[in-house]
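Participant: Please take these sequences and the hints and turn them into a complete structure.
Chains A and B are the protein sequences, given in the same order. Residue 421 in our numbering sits at position 421 of the first sequence, with consecutive numbering throughout. Residue 796 in our numbering sits at position 9 of the second sequence, with consecutive numbering throughout.
Just to be clear, a hint being listed does not mean it is correct.
To be clear about the criterion: a stretch of chain A counts as covered by chain B if any three or more of its residues have a C-beta under 8 Å from a C-beta of chain B, and this derived list gives those stretches [stated by the list, open to error]:
1. 290-300
2. 495-507
These stretches of chain B come out as covered by chain A in the derived footprint (C-beta under 8 Å, 3 or more residues) [stated by the list, open to error]:
3. 843-853
4. 876-886
5. 958-967
What the hints contain is simulated information worked out from the structure, not anything from laboratory work. Please read these numbers as outputs of a predicted model, since none were measured by experiment. We put the CB at the ideal spot given by N, CA and C, even for glycine.
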Amino acid sequence: MAVSAIFGAKVNRREDPRLISGTGTYASDVALANMAYAAFLRSPHAHAKIKRIDAEKAKKLPGVVTVLTGKDIGSKLNPVPCAWPVTGADVKIPKYYPIAVDRVRYVGDPVAVVVATSPYEAADALDAIVVEYDPLPAVILQEEAMKKGAPLLYEEVPNNIALHWKIGGGNVSDAFSNAEVTIKERFVNQRLQPTAIETRGATAQYDPSTGMLTMWVTTQNPHVHRLLLTLMTGIPEQKLRIISKDVGGGFGSKIPCYGPEAVVALLAKETGVPIKWVEDRHENYVATIHGRDHVQYVELAGKKDGTITGLRVKVYSNLGAWLSTAAPGVPTILFGLILPGAYKIPNVECEVYGMVTNTTGIDAYRGAGRPEATYIIERLVDIFAHKIGMDPAEVRLKNFIPKDKFPYNTATGLAYDSGNYEGALFKALGMVSYDNLRRELQMLRSEGKLVGVGISSYVEVCGLGPSSVVRSTGFALGLWESAIVRVHPSGKVSVFTGGHPHGQGEETTFAQITASELGVLIDDVEVIHGDTDRIPFGMGTYGSRTTPVAGGSIVIACRRIKDKGKKIAAHLLEAREEDVQFDSGKFFVTGVPGVSKTLAEVAWASYGAGSNEIPSGMEPGLESTAFYDPPSFVFPFGTHVCQVEIDKESGQVKIKRYVAVDDCGKQVNPMIVEGQVHGGIAQGIAQALWEEAVYDEHGNLLTGTLSEYAVPTAVELPKYETTSTETPSPHHPLGLKGVGETGTIASTPAVVNAVCDALSPYGVENIDMPLRSDKIWRILKEKGISK
Amino acid sequence: MSKKPMSVRKTSRRSKKIWVPEVFSQKTIRVIVNGKEYVRDVKPRLLLVDFLRDSLGLTGTHVGCDTSNCGACTVILNGRSVKSCSMFAIQADGKEILTIEGLAKGNQFHPLQQAFWDNHGLQCGFCTPGMIMQAYWFLKENPHPSEEQIRWGIAGNLCRCTGYSNIVKAIQVASEKIGVEQMQVEPRKQRMVRRS
Ligand code: FES
Ligand code: FES
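Facilitator: Rendered as structure tokens:
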């Protein structure tokens, strides 16, 4: 197959013109006639019984349409579903209602909803509702939640343990008893607030004459949302239409379906007027899922020559006050399987406890489980290297799975498809002239400077995923993806994808893939997504899956179209089908390129469907629906190198240089790949250095606004030097792998390794994130490094 | 655990009640937005951003926070960049506003818009209108900025997607273009294919 130059080209994004001119359509931009506004009253207590709610005064305020409490809603809405009861993890899914009925379990738990004719009047009405609470003791930290006598959130979750999961391979106890060197650490992978700049929201409109409910929602997966809303509201799927045009970032936080979305649907149906609800930022921070929050007890066994022989991990993962859509899968399947990273570690053991606590729910945040795993192994490799006096780069090289050993089966049961880990490492080391850099740093250190360099070599499992595997882990649906490719009579093409890009640029990359497969101009291809009444049932965008999996379905649909087109062209050209070839948009007889039919001519014939146009018995039309179920996951990898300097006076960490070498196989659009890597690195650095969701002991989120939660600006973040290697996925039709999360996975340990390297001459082995200046400054004081 | 009273945060930036004498409960304002004059009756507590979005339907200006941190709502008011979430509509009475919708001339993008497009300066696009408006003001104040100055110039605008590098690059490229063309707009390019 000739891949035209459009595949792999830096094509400017076609989603941009509307977004740079302010004419995009985000959920909060939807305005409908007679629209009313919903607002949720949320609990100020982390844990309390609701004694009494008095909404009478609120109901009488001007503009107020209605006020509903959990009791009023009663059985009209089902509990918020959890879609991933991980197999073998003994998952307990407690009943969590869209609006609390008699008990609140975190600060931000909804207790009532107001509908008013303006958002301002709705806010007034919230203030007028009187709620009497009977506060209960709260539990915030996962390790506290396990203790005897800890406050219990749900009767149906004994000891607050919502899941317990184990995985492993090899013989870990032997590895540790025979080890020459062992390392033991406690890492905290702190809680983060995803912070899509667009908060969540929903607008619903009900048509009583058809029974159709149309809903504009902030979502990464319109069909998954529709299904979950059906389960909650009882509105049948065929009567529920989810539209999501532009989405202002998701990072995992718009995968789950949330209670308020179901409430908005119900309100539209009950009141008969369109209902709009948009979170404000504080609401987003207390009620939209958080990410990470692991306490990790980790051990590594190795030899003095640098060989890693064993890994043992025990994790206490905080799940928050409810089990969000994918929550149980994140600290288990998405975490445990990838623990060995890029290394041939024969003995691995992992045990995970997932705890419910009186905090906001935790679910997938960019990387979801894989950053938490990569952090463990990449930090341990550095600590191990330091302990045996070897260079961290050397230890990595010594333990890498060699490039001729793929496919490689890990001790945790994954089959890595391909890799060239040393290739990426050497390239990254070359970019920073590693040996020279080490010497240079040595010199700077002798001048009293606090300087360091950190490496992180990662492997990511993504392109979720082969349905049989995903189903065997307990996920409620398969993770294939769908596409309809429709060639119109004129030869122009519409592509309907089940993926739902919201910043990742697949309106562009999918047009590139289609143009290259069908040999048409990119401007003759339209990519449609984000509307359940237009697209085939699809699984949506997350887990670095859209380009490989949804892209795969488009390729297959295109190839089916070409197969049919060949039959039609053979008929038109009075040739045998075997003699017809396709290249660059033309069907031609082998050896006679002059005797040909264009795709447009074939399309026209397919719709004409006369006996001289298509073979008898053939169905008219030229379109194909494909469901691509990937045969395996894809495994992008790479090495990032970070160089830092710490200011002695303030403890502030300054990133002097950041180099990233990533391998996501073939690249459809290198400009977009680079953009994904940039954004990922930024979020990973932010976790390493600044971001942290903080609760006080009463369960108040102290980082509940953007004034307190430390999202970095352009001033704090460095320039990124990015490049790539190319190891195509052997099982993907185009050799693609995902790249949306790699930056986040790789960068966090690279930065922490660099900071710990800078402080290693002073006996500092580990510092828990975030490495903010106050924390570092205290260490500098303590160690007598600064006065 | 003690049962100390817990800090209750206001649930909405809109819930702040200001005391308003009856007579002022509705006020007529006259504003020029993107060159067009609007006369509207507004409540004194109506935020400028809600006025632009809900009353005028100019939804290109976004809201991303309730604490004046994100800059998604940035517009130009009488030549200065302001965060329209932190002003009341009545404060804009008699003033001139430029929003993202008014930046292009017909179908010719402003050099900043074009540079954001050409340099992949946006992903989800939610921060973009605010970012571009801030850059627009910043370049007026500082037509030949260094990279460092650009970074400080947009420090009041948050982007969660891009890691800022390409935004900084876009502003740099635009500053050079604007320098050359002295703020003349250039014809909007067709979807451009650059081959590497
Ligand atoms: S909306 Fe965030 S600064 Fe205005
Ligand atoms: S492009 Fe998404 S927030 Fe900036």
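Participant: Which hint numbers does the structure go against, in order from smallest to largest?
Facilitator: 1, 4, 5
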